[in-house]
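Colleague: Residues per chain, in single letters:
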Amino acid sequence: MNAASIEIRLSLPLSAFDLDVAIETRARSLGIFGASGSGKTSLLEAIAGWRPVRSGRIRFGDRLLLDTEGRTRTPIATRAVGYVPQDALLFPHWDVRRNVLAGAHASEAELARAAEVLEIGSLLDRSTATLSGGERSRVALARALCSRPEVLLLDEPFGALDLPLRRRILPYLLRTRDAYDLPTLFVSHDATEVQALCDVVAILDRGRVRAIGEPADVLHGHGMPARGADNVLSGRVASLAAGTASVALAPGVAVQVPAAGLEPGARAVFALGADEILVSTAPIAGISARNILAAEVESIEARGEDVVLRAVLGEAGTRVRVVVGVTQASTRELGLREGARVFLVFKTQSCRVLSTSV
Amino acid sequence: MEFFTPATLDVLLVTLRVAGGATLLVTPFAIAAGWALARRDFRGKSIAETLVALPLVLPPTAIGYLLLSLFGRHGFLGERSLGFDPDLLFTWRAAVVASAVVAFPLAARTARAAFEGVDPRLEHMGATLGLARGRIFRTITLPLAGRGLAAAVALAFGRALGEFGATVIVAGNIPGRTQTLALAIFSDIQLGADEHALGLVGLTVVLAFVVLWTVERLLAPRRAA
Numbered sequence: 008m009n010a011a012s013i014e015i016r017l018s019l020p021l022s023a024f025d026l027d028v029a030i031e032t033r034a035r036s037l038g039i040f041g042a043s044g045s046g047k048t049s050l051l052e053a054i055a056g057w058r059p060v061r062s063g064r065i066r067f068g069d070r071l072l073l074d075t076e077g078r079t080r081t082p083i084a085t086r087a088v089g090y091v092p093q094d095a096l097l098f099p100h101w102d103v104r105r106n107v108l109a110g111a112h113a114s115e116a117e118l119a120r121a122a123e124v125l126e127i128g129s130l131l132d133r134s135t136a137t138l139s140g141g142e143r144s145r146v147a148l149a150r151a152l153c154s155r156p157e158v159l160l161l162d163e164p165f166g167a168l169d170l171p172l173r174r175r176i177l178p179y180l181l182r183t184r185d186a187y188d189l190p191t192l193f194v195s196h197d198a199t200e201v202q203a204l205c206d207v208v209a210i211l212d213r214g215r216v217r218a219i220g221e222p223a224d225v226l227h228g229h230g231m232p233a234r235g236a237d238n239v240l241s242g243r244v245a246s247l248a249a250g251t252a253s254v255a256l257a258p259g260v261a262v263q264v265p266a267a268g269l270e271p272g273a274r275a276v277f278a279l280g281a282d283e284i285l286v287s288t289a290p291i292a293g294i295s296a297r298n299i300l301a302a303e304v305e306s307i308e309a310r311g312e313d314v315v316l317r318a319v320l321g322e323a324g325t326r327v328r329v330v331v332g333v334t335q336a337s338t339r340e341l342g343l344r345e346g347a348r349v350f351l352v353f354k355t356q357s358c359r360v361l362s363t364s365v
Numbered sequence: 054m055e056f057f058t059p060a061t062l063d064v065l066l067v068t069l070r071v072a073g074g075a076t077l078l079v080t081p082f083a084i085a086a087g088w089a090l091a092r093r094d095f096r097g098k099s100i101a102e103t104l105v106a107l108p109l110v111l112p113p114t115a116i117g118y119l120l121l122s123l124f125g126r127h128g129f130l131g132e133r134s135l136g137f138d139p140d141l142l143f144t145w146r147a148a149v150v151a152s153a154v155v156a157f158p159l160a161a162r163t164a165r166a167a168f169e170g171v172d173p174r175l176e177h178m179g180a181t182l183g184l185a186r187g188r189i190f191r192t193i194t195l196p197l198a199g200r201g202l203a204a205a206v207a208l209a210f211g212r213a214l215g216e217f218g219a220t221v222i223v224a225g226n227i228p229g230r231t232q233t234l235a236l237a238i239f240s241d242i243q244l245g246a247d248e249h250a251l252g253l254v255g256l257t258v259v260l261a262f263v264v265l266w267t268v269e270r271l272l273a274p275r276r277a278a
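From first to last, the protein sequence lines are chains A and B.
Residue numbers 8 to 365, in my numbering, belong to the letters of the first sequence in order.
Residue numbers 54 to 278, in my numbering, belong to the letters of the second sequence in order.
Hints in this document: simulated from the structure, not taken from any laboratory.
This structure is a prediction, so every number in the text was calculated from the model and none was measured.
C-beta: ideal position from N, C-alpha, C; glycine also.
Be careful, since some hints might not be right.
Said to hold, decoys possible - Here are the in silico distance ranges between beta carbons for each label pair:
| no. | chain 1 | residue 1 | chain 2 | residue 2 | range |
| --- | --- | --- | --- | --- | --- |
| 1 | A | H196 | B | F82 | 47 to 53 Å |
| 2 | B | S240 | A | A111 | 56 to 62 Å |
| 3 | A | T85 | B | L77 | 35 to 41 Å |
Whole structure, please, built from the sequences with the hints as guidance.
Modeller: In structure tokens, the structure reads:
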């Protein structure tokens with residue numbers, strides 16, 4: 008991979024505005040976050056070659072897909088992209104097995120691997136018409152993976168599903184990322200998904216990139232409301248005891264989360280609501296919450312009545328950051344300021360595990 | 054009077070042979086034109102669309118006359134330019150050509166609608182999965198457009214069954230050779246054989262009904278599985 012592993016410069020007219028994007032990042036997994044109608048799908052279609060581009064350059068690692076100046080336009084069939092559109096777009100006249108094996112380079116071995124990672128083995132002989140929304144998404148992802156892509160383009164693959172179902176399917180995406188390790192563009196308007204899956208996220212608004220950076224930083228600034236935002240944290244499961252897993256986020260920083268489906272040594276990804284964290288300026292004892300973590304306030308940002316507080320867990324330099332929602336009043340009364348040492352308190356059950364072990 | 058005489062059977066056989074031949078002849082052209090109009094953008098597309106539809110509104114006698122000029126001895130596809138006698142005019146093959154030309158617009162327009170009913174994104178997806186164009190057409194586009202294309206073929210057959218005006222000019226009305234149901238009904242009326250004409254009309258209605266019913270069945274939305 009080159010220094011910048013993903014390079015996307017594109018200019019193309021859409022009906023309401025021009026898509027004009029310049030992204031260059033070393034990220035392996037790039038999130039594209041934005042409201043509907045911001046040009047996200049058009050961007051992926053342009054990368055897949057489905058949509059004509061006025062000018063631009065698209066490169067993933069050493070693979071140059073498009074360079075209008077150098078007159079490179081790789082045909083769709085040789086772009087080697089695995090594309091999962093929002094509506095799955097399964098071939099309606101074939102059963103699941105034939106769909107998954109549709110790719111020119113697909114093989115039974117690839118099918119077996121994808122079926123295991125995505126747990127679609129029992130669906131293979133079904134007609135696509137009988138699949139549920141979540142099953143369709145997994146089959147479409149399996150079809151993309153079996154075509155031996157060198158890049159994955161995921162366009163809100165679970166956009167049509169309701170929230171509980173999306174959360175049940177997120178583990179499959181995490182497993183796919185770990186098992187296949189492909190450069191991925193993941194389009195979503197779900198901040199929790201983007202944080203869980205992407206190294207870097209670009210905020211797209213009316214065809215332009217408004218911000219780009221680490222998901223936790225960028226999303227809390229642009230995409231997410233002060234209330235109801237999620238922190239997405241990950242680490243290795245250090246130990247299991249009595250329905251609780253201890254997840255090491257960094258040296259000296261361990262969090263107790265529900266053990267559901269986790270195994271020792273597995274990577275655990277979990278969400279923690281910013282509003283579910285209590286802030287204490289003094290050490291706290293005699294409380295049922297299992298997580299009491301020392302932290303340092305990094306920044307305080309007022310948003311109307313609310314305050315978004317960013318804190319770094321454990322010793323400085325661990326880089327495990329969380330966002331905490333507090334009120335103006337408590338910020339004042341506790342005398343919270345940048346650099347203050349605090350304790351963050353939250354329940355085990357406030358941590359919602361997004362991954363299951365791989 | 055007996056209705057099913059050998060002569061009546063001849064009429065029926067000639068009709069089926071001409072309509073069948075015309076359907077075979079027109080199908081590849083109709084599918085190609087339908088596909089091009091549904092999937093391609095090119096200069097002069099609106100002219101092409103109009104030309105495809107033209108036989109629908111031209112008087113069949115005008116089409117017959119044009120074909121006569123085209124295949125006549127001095128015509129563009131006649132003996133003089135080809136260097137041999139195609140021996141087409143006033144044979145059943147001329148009736149096939151005339152019926153095919155007249156059936157072409159209906160078949161092409163139905164085929165076009167069939168191709169337009171296939172989500173082009175499915176074809177894009179085929180390409181993204183690495184499939185070659187021919188394979189995408191054969192394995193994705195054709196099967197998904199299949200019912201509509203079958204309806205196009207059935208409509209071509211139905212239209213060819215009833216062809217009269219162009220046929221009578223290029224193929225004549227020769228019993229046992231080029232006399233189809235439509236032509237035989239005309240002859241019967243001319244000769245005052247009203248009862249026989251009525252029988253042929255009944256036969257035509259049954260054939261046409263079966264064809265149209267098939268088309269309707271093919272084009273009806275499929276019941277959910």
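Colleague: Does each hint fit the structure? Answer for all of them.
Modeller: Here is how each hint holds up against the structure:
1. A/H196 to B/F82: 47 to 53 Å: Because 48 Å falls inside the window, the suggested range holds.
2. B/S240 to A/A111: 56 to 62 Å: Cβ of B/S240 to Cβ of A/A111: about 59 Å, so the range 56 to 62 Å holds.
3. A/T85 to B/L77: 35 to 41 Å: With Cβ atoms ~38 Å apart, the hint holds.
Figure legend: structure checked against the earlier numbered hints; every hint is met.
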